[in-house]
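Top to bottom, those sequences are chains A and B. Numbering that gives the first Met the number 0 numbers the first residue of the first sequence as 0 and each following residue consecutively. Numbering that gives the first Met the number 0 numbers the first residue of the second sequence as 0 and each following residue consecutively.
Check each hint, because a few of them may be wrong.
What the hints assert, rightly or not - With a cut-off of at most 30 Å between alpha-carbon atoms, the simulated DSSO-like pairs for lysine-lysine come out as follows:
{"hint": "1", "chain 1": "B", "residue 1": "Lys42", "chain 2": "A", "residue 2": "Lys27"}
{"hint": "2", "chain 1": "B", "residue 1": "Lys42", "chain 2": "A", "residue 2": "Lys65"}
{"hint": "3", "chain 1": "A", "residue 1": "Lys126", "chain 2": "A", "residue 2": "Lys65"}
{"hint": "4", "chain 1": "A", "residue 1": "Lys134", "chain 2": "A", "residue 2": "Lys7"}
{"hint": "5", "chain 1": "A", "residue 1": "Lys140", "chain 2": "A", "residue 2": "Lys65"}
{"hint": "6", "chain 1": "B", "residue 1": "Lys10", "chain 2": "A", "residue 2": "Lys115"}
Calculated from the structure, these hints are not laboratory results. Since the model is a prediction, treat every value here as computed from it, not as a measurement.
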Amino acid sequence: MDELLNVKYDVASGDFIRGGEASSNIKKLLQQLGVRNDIIKRICVACYEAEMNIVIHSVGGYIEAKVFSDRIEITAFDNGPGIENIDLALQEGYSTASNLAREMGFGGGMGLPNIKRSCDEFYIDSKVGEYTKIKIIVYLK
Amino acid sequence: MKLYEIRDLLKADVLCNEEMLSMDTDSAFGCDLMSDVLALSKKETVLLTGLTNIQTIRTAEMLDIKCIIFVRNKRPDETIVEFAKENGMCLLATKYTMFTSCGILYSSGLKGVDME
Ligand SMILES: Nc1ncnc2c1ncn2[C@@H]1O[C@H](COP(=O)(O)OP(=O)(O)OP(=O)(O)O)[C@@H](O)[C@H]1O
Ligand SMILES: [Mg+2]
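Work out the full structure, taking the sequences as your base and the hints as a guide.
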């Protein structure tokens, strides 16, 4: 399948100033590719929530975006600490965010539900002490 | 409702992109929780918030929100205003609290955005 775009951005832990830059870059690239606005918004919501989760909850990782003629795939990967109970983490309102993150407007426990709602396919995989990996797909058709 | 009407009703200061004041909006959302704002995704709206950090601007950027109204005398610092300006957003600041600001706008005909 032809790949129209393949980009990867490192995301640093605890960096609230630069957090969101990867999503912002991806937004601009999708606009250049002429992707429909409503689809860009869905990708942006999912991508930004996943990126901020890496900033807030992990030791750091990356965001990767791939665009194919029929779909957009976003992968958010970080190097731990992992999620012990994924079902719990996916519940609306569940959050372990720090006070600092809460002061910045995060910690509503709505990020993962928002990601799920925004995409056509959602995959989450995590191993405690090792990694968390989220992959989302949005169809272009 | 035009942004300049919002400015007048809230006796707000314009922090950047004053030329956007003739823009029209028909709904508003008031919130200090970024994920709640992001849950709105599809709607066109202006945002009222007490949070003045850079992630407020980022959140608005993701959703194409063109106007942010900072309530209860909160002022973002200069770098954040600059960042919003580059992103083509109009920033307003009012001394009214969240509840009062929303009440004034609502009673003047601006509607709320509601979750699906
Ligand atoms: N990348 C991650 N690494 C480790 N834990 C995570 C990660 N992402 C999410 N979590 C866990 O799942 C919980 C729920 O995540 P979710 O994004 O839904 O809410 P939140 O980040 O706490 O708040 P919000 O997204 O509303 O600002 C988090 O509080 C955290 O405990
Ligand atoms: Mg989150």
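Enumerated hints in conflict with the structure, sorted upward: 6
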